[in-house]
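Enquirer: Take a look at the letters that make up each chain.
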Amino acid sequence: MSKIKPYFIVLIIMFTILGMFYVWTTMESIKLGYDINKLNTIKSGLEHKHKELLIKKTALSSPSRIYKIAKKMGFIYPKEGKIIMVHD
Amino acid sequence: MLIGFTAIAIFGGLLAVRAFNLQIIEGKGLRLLARKQFHAEIYFTPERGNIYSSNGSILATSVNVPGIAVDPLMVRHKFKNAEKLSGLTGISFQKIIGILNQGIQFAWIKRRILGRIAKNVEKLGISGVIIVKQPVRYYPNGSLLAHVLGFVGINDNGLSGIEYKYNKFLKGGRHALKILHDGLGQYIFIKGFGLRKATHGDNIYLTINKQLQFITQYYLDKEAKAAGSRGAFAILMDPNTGAILAMADYPGFNPNYYWQYSARYWRNRAVTDDFEPGSTMKPFVVSAALMEGLVKPDTIINCHHGLYPIDGITVSDVENWFGHFSVNQIVEYSSNVGECQIGMRFRKAELYKWFGLWGFGHKPHAGLLGEADGIVKPLNKWSEVGPCEMAFGQGISVTGLQEIAGLAAIANGGHIMKPYIIKKIVNPYGKIIYKAKPEVLKRIITPRVDKEIKHMMRLVVKGGTGQYSKLIDFKVSGKTGTGQIADPKTGKYYKNKYTASFMAFVPYKHPELAMIVVQEKPLKISYYGGAVSAPVVRSVFKNALNILNIYPGERAYKKQSMSGNNVNNITLTKQVRKKLTVLKGYSGMMPDLNGDTMYDALKIIRKYNLHVKIKGSGFLYYQNIKPGSNMSGERNIVLKFKS
Numbered sequence: 001m002s003k004i005k006p007y008f009i010v011l012i013i014m015f016t017i018l019g020m021f022y023v024w025t026t027m028e029s030i031k032l033g034y035d036i037n038k039l040n041t042i043k044s045g046l047e048h049k050h051k052e053l054l055i056k057k058t059a060l061s062s063p064s065r066i067y068k069i070a071k072k073m074g075f076i077y078p079k080e081g082k083i084i085m086v087h088d
Numbered sequence: 001m002l003i004g005f006t007a008i009a010i011f012g013g014l015l016a017v018r019a020f021n022l023q024i025i026e027g028k029g030l031r032l033l034a035r036k037q038f039h040a041e042i043y044f045t046p047e048r049g050n051i052y053s054s055n056g057s058i059l060a061t062s063v064n065v066p067g068i069a070v071d072p073l074m075v076r077h078k079f080k081n082a083e084k085l086s087g088l089t090g091i092s093f094q095k096i097i098g099i100l101n102q103g104i105q106f107a108w109i110k111r112r113i114l115g116r117i118a119k120n121v122e123k124l125g126i127s128g129v130i131i132v133k134q135p136v137r138y139y140p141n142g143s144l145l146a147h148v149l150g151f152v153g154i155n156d157n158g159l160s161g162i163e164y165k166y167n168k169f170l171k172g173g174r175h176a177l178k179i180l181h182d183g184l185g186q187y188i189f190i191k192g193f194g195l196r197k198a199t200h201g202d203n204i205y206l207t208i209n210k211q212l213q214f215i216t217q218y219y220l221d222k223e224a225k226a227a228g229s230r231g232a233f234a235i236l237m238d239p240n241t242g243a244i245l246a247m248a249d250y251p252g253f254n255p256n257y258y259w260q261y262s263a264r265y266w267r268n269r270a271v272t273d274d275f276e277p278g279s280t281m282k283p284f285v286v287s288a289a290l291m292e293g294l295v296k297p298d299t300i301i302n303c304h305h306g307l308y309p310i311d312g313i314t315v316s317d318v319e320n321w322f323g324h325f326s327v328n329q330i331v332e333y334s335s336n337v338g339e340c341q342i343g344m345r346f347r348k349a350e351l352y353k354w355f356g357l358w359g360f361g362h363k364p365h366a367g368l369l370g371e372a373d374g375i376v377k378p379l380n381k382w383s384e385v386g387p388c389e390m391a392f393g394q395g396i397s398v399t400g401l402q403e404i405a406g407l408a409a410i411a412n413g414g415h416i417m418k419p420y421i422i423k424k425i426v427n428p429y430g431k432i433i434y435k436a437k438p439e440v441l442k443r444i445i446t447p448r449v450d451k452e453i454k455h456m457m458r459l460v461v462k463g464g465t466g467q468y469s470k471l472i473d474f475k476v477s478g479k480t481g482t483g484q485i486a487d488p489k490t491g492k493y494y495k496n497k498y499t500a501s502f503m504a505f506v507p508y509k510h511p512e513l514a515m516i517v518v519q520e521k522p523l524k525i526s527y528y529g530g531a532v533s534a535p536v537v538r539s540v541f542k543n544a545l546n547i548l549n550i551y552p553g554e555r556a557y558k559k560q561s562m563s564g565n566n567v568n569n570i571t572l573t574k575q576v577r578k579k580l581t582v583l584k585g586y587s588g589m590m591p592d593l594n595g596d597t598m599y600d601a602l603k604i605i606r607k608y609n610l611h612v613k614i615k616g617s618g619f620l621y622y623q624n625i626k627p628g629s630n631m632s633g634e635r636n637i638v639l640k641f642k643s
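As given, the protein sequences belong to chains A and B, one line each in that order.
Oh and the first sequence: position 17 is 17 in this note's numbering, straight run, nothing missing.
Oh and the second sequence: position 147 is 147 in this note's numbering, straight run, nothing missing.
Hint data in this document are derived by calculation from the structure and do not stem from the laboratory.
Warning: the hint list may mix true and false statements.
[What the hints assert, rightly or not] Cβ-to-Cβ under 8 Å is the rule here; a few derived chain A residues that face chain B:
| id | residue |
| --- | --- |
| 1 | LEU54 |
| 2 | ILE55 |
| 3 | ALA59 |
| 4 | PRO63 |
| 5 | ILE76 |
| 6 | TYR77 |
| 7 | GLU80 |
| 8 | ILE83 |
| 9 | ILE84 |
| 10 | VAL86 |
[What the hints assert, rightly or not] Listed below are the simulated DSS-like cross-link pairs for lysine-lysine, each with C-alpha atoms no more than 30 Å apart in a straight line:
| id | chain 1 | residue 1 | chain 2 | residue 2 |
| --- | --- | --- | --- | --- |
| 11 | B | LYS615 | A | LYS79 |
| 12 | B | LYS435 | A | LYS56 |
| 13 | A | LYS71 | B | LYS165 |
| 14 | A | LYS57 | B | LYS423 |
| 15 | B | LYS36 | A | LYS38 |
| 16 | A | LYS56 | B | LYS521 |
| 17 | B | LYS462 | B | LYS424 |
| 18 | B | LYS431 | A | LYS57 |
| 19 | B | LYS95 | A | LYS79 |
| 20 | B | LYS492 | B | LYS377 |
| 21 | B | LYS296 | B | LYS377 |
| 22 | A | LYS82 | A | LYS71 |
| 23 | B | LYS431 | A | LYS38 |
| 24 | B | LYS521 | B | LYS497 |
Ideal placement from N, C-alpha and C gives every residue a C-beta, glycine not left out.
Produce the entire structure from the sequences given, and follow the hints as far as they go.
Expert: Okay, structure coming up:
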């Protein structure tokens with residue numbers, strides 16, 4: 001009995017450590033899962049914002065809008081023969 | 001000690017029995033129960049793919065727009081809450097209370113509201129009232145390309161145009177995502193769960209150039225309004241590839257509010273409508289006659305002073321001075337009498353074959369919704385004078401897309417190119433799943449015949465019926481057409497209803513652009529294609545060539561710069577005239593440009609072989625090459641301007 005005892009104790013300690021390690025990794029994994037979830041939410045928010053800005057940019061650079069503004073500012077299409085080609 | 005171990009063993013045994021019971025005997029049921037509690041499947045409505053112009057500018061996209069939904073069974077104090085909602089949304093109290101009194105579990109109060117209003121409704125915290133975000137199609141350029149793009153219904157299905165035809169690509173797949181959540185309902189992302197992305201729709205890139213589309217639409221609208229046309233369309237094509245660069249229809253509509261327009265406005269006339277083309281058919285028939293050796297450009301035909309009775313009908317011309325014309329002149333002045341006689345030189349089957357070769361009577365398959373075949377009557381239904389009438393575009397119907405495909409062949413040296421509007425389709429992960437390549441369908445005319453017909457079309461613009469399309473810097477070739485419209489009830493032609501068309505390409509020798517403009521029933525100004533449609537082509541060509549950085553050749557420049565004070569409508573300022581005079585004998589020296597405007601300075605120095613760098617605007621105050629310097633060879637010059 002006295003021979004078995006130390007091994008038994010070592011076994012229990014090992015199982016305990018292993019169990020604690022398992023619980024720790026699982027907890028970490030879940031914690032990381034939450035973090036990923038949060039980051040995903042931020043990411044999709046930023047993607048949404050990016051798309052919004054892109055759409056805004058497209059609407060602002062719409063040719064009809066630019067034409068109206070240019071017309072208001074007195075811009076006109078160059079008349080024929082008024083364009084001079086130069087090499088840059 | 002023994003007792004202790006015995007107790008542990010018994011306890012362990014009990015645990016093992018319980019574990020066996022839970023894992024093996026009740027395991028299946030319990031696992032199912034746990035899955036129900038912690039696992040869930042959420043459904044993503046896939047994001048509809050975008051539609052882009054050729055250079056990647058968004059033409060159609062989807063945005064999530066909030067709407068107010070309600071479970072009427074959950075709403076308490078209905079009158080009070082209906083009043084609150086009505087005050088915030090502007091929807092009538094009667095309507096809201098009507099919805100709240102329904103005995104159902106889901107109803108929309110309003111499907112699209114402003115984000116600001118959505119926030120205020122959320123703040124009310126009415127139980128049973130929720131804000132739901134729904135994807136809504138948005139066209140940031142408004143009416144630009146509306147007829148081609150089409151529009152999308154409230155259930156995210158395309159109802160018209162590209163949106164309809166390519167719905168299966170754009171829509172994507174409804175996708176369930178496996179997730180794990182905790183007791184608070186928060187999603188937990190663990191390996192194997194939730195890592196798959198929803199299948200969004202594919203993105204479609206068109207061959208449309210946004211800037212060219214705008215100017216095409218702008219000038220078509222302007223001229224069609226001025227001409228009082230019932231409808232009109234224009235197509236701009238790259239004749240060397242068959243790519244459609246612009247396609248515009250009049251009247252227009254805004255696809256963001258498509259329901260506010262009647263269906264008449266939605267139709268893409270350029271592909272769905274066939275019409276009797278009138279004289280724009282002539283170049284195709286003359287090319288065929290040249291190919292068959294029935295005529296030569298200088299073959300003389302008697303045009304009978306504009307009146308030609310044949311087999312019970314009388315063919316007439318606009319003018320009565322048309323005597324003996326060469327084939328060149330028949331095209332230049334658009335003589336129906338002359339063209340009729342060219343048509344009569346064909347055997348019927350021969351002409352029928354040529355119509356087929358040009359693509360008339362067949363869908364062009366350009367990738368657009370509702371492409372029509374046009375009408376080429378079967379041979380057994382041709383009257384004796386059928387070839388005569390069809391030669392000047394009567395008794396045959398074509399679509400604008402068919403005509404421009406034929407015109408492109410004349411422009412590019414004789415190859416029928418397959419017209420196309422889809423440039424590429426890219427899946428949500430960036431992989432190209434379809435890419436268009438220019439496709440030569442057949443060579444239809446020889447280079448010699450092509451040269452001859454191009455020359456005839458050049459004459460049309462130079463001194464014939466298409467002079468309103470003339471440009472100063474570029475040579476345009478084209479053909480006018482004024483087709484009579486038939487009364488569908490009687491089959492006879494109306495006396496005052498016409499289709500006014502003009503088709504042309506530019507530059508004459510190496511065409512980069514081909515265009516057709518067709519106006520239906522122009523009532524004001526004129527009903528001739530040369531008068532109401534040619535100016536649209538002229539304006540579009542003039543601006544499109546600038547946009548595409550296509551400039552006149554060196555010869556044109558030399559002509560422009562050295563040909564006097566007011567040639568080519570260029571008025572030189574006194575100062576420039578003086579400088580040019582001074583430079584006449586000393587063209588190898590750098591002139592003094594100090595105080596010149598940018599235009600004047602560039603006008604003077606363009607004759608030298610210089611790479612120019614410009615800074616600022618206004619009047620010139622600095623030039624890095626000193627006046628009087630030797631200007632032989634290639635050099636760089638920096639010009640600085642200030643106001």
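Enquirer: Hint by hint, note whether the structure agrees.
Expert: The hints, checked one at a time:
1. Using the Cβ-Cβ criterion of 8 Å, the hint placing LEU54(A) at the interface with chain B is satisfied: the shortest such distance is roughly 7 Å.
2. Interface restraint check for ILE55(A): the shortest CB-CB distance to chain B comes to about 6 Å, inside 8 Å, so the restraint holds.
3. Against a cut-off of 8 Å between C-beta atoms, the interface hint on ALA59(A) holds, since the closest Cβ of chain B lies about 4 Å away.
4. Given the 8 Å rule on beta carbons, the hint for PRO63(A) holds: about 4 Å separates it from the nearest Cβ of chain B.
5. Nearest Cβ of chain B to the Cβ of ILE76(A): about 11 Å, over the 8 Å cut. The hint is violated.
6. Taking 8 Å as the C-beta cut-off, the interface hint given for TYR77(A) holds, the closest approach to chain B being about 6 Å.
7. Hint on GLU80(A) holds. Least Cβ distance to chain B is approximately 4 Å, under the 8 Å limit.
8. Nearest Cβ of chain B to the Cβ of ILE83(A): about 6 Å, under the 8 Å cut. The hint holds.
9. About 4 Å separates the beta-carbon of ILE84(A) from the nearest beta-carbon of chain B, less than 8 Å, and the hint is met.
10. Given the 8 Å rule on beta carbons, the hint for VAL86(A) holds: about 4 Å separates it from the nearest Cβ of chain B.
11. Of the supplied pair hints, the one linking LYS615(B) and LYS79(A) holds, its CA atoms being roughly 23 Å apart against a limit of 30 Å.
12. About 28 Å separates the Cα atoms of LYS435(B) and LYS56(A), which keeps this hinted pair within 30 Å; it holds.
13. Of the supplied pair hints, the one linking LYS71(A) and LYS165(B) is violated, its CA atoms being roughly 37 Å apart against a limit of 30 Å.
14. At roughly 23 Å between alpha-carbon atoms, LYS57(A) and LYS423(B) fall within 30 Å of each other, so this suggested pair holds.
15. Taking the CA atoms of LYS36(B) and LYS38(A), the gap is about 24 Å. The hint holds against a cut of 30 Å.
16. Straight-line distance between C-alpha atoms of LYS56(A) and LYS521(B) comes to about 39 Å, which puts the hinted pair past the 30 Å bound.
17. At most 30 Å may separate the alpha-carbon atoms for a hinted pair to count; LYS462(B) and LYS424(B) exceed this at roughly 39 Å.
18. Between LYS431(B) and LYS57(A) the alpha-carbon distance is near 25 Å, which keeps this suggested pair within the 30 Å criterion.
19. With a C-alpha separation of about 57 Å, the suggested pair LYS95(B) and LYS79(A) falls outside the 30 Å cut-off, and the hint is violated.
20. A hinted pair counts as satisfied when its Cα atoms are at most 30 Å apart, and LYS492(B) with LYS377(B) qualifies at roughly 17 Å.
21. A distance of roughly 28 Å separates the Cα atoms of LYS296(B) and LYS377(B); the hinted pair therefore holds under the 30 Å criterion.
22. Among the hinted pairs, LYS82(A) with LYS71(A) is consistent with the structure: their alpha-carbon atoms are about 19 Å apart, no more than 30 Å.
23. At roughly 29 Å between alpha-carbon atoms, LYS431(B) and LYS38(A) fall within 30 Å of each other, so this suggested pair holds.
24. A C-alpha spacing of about 5 Å is found between LYS521(B) and LYS497(B), which places the hinted pair at or below 30 Å, so the restraint holds.
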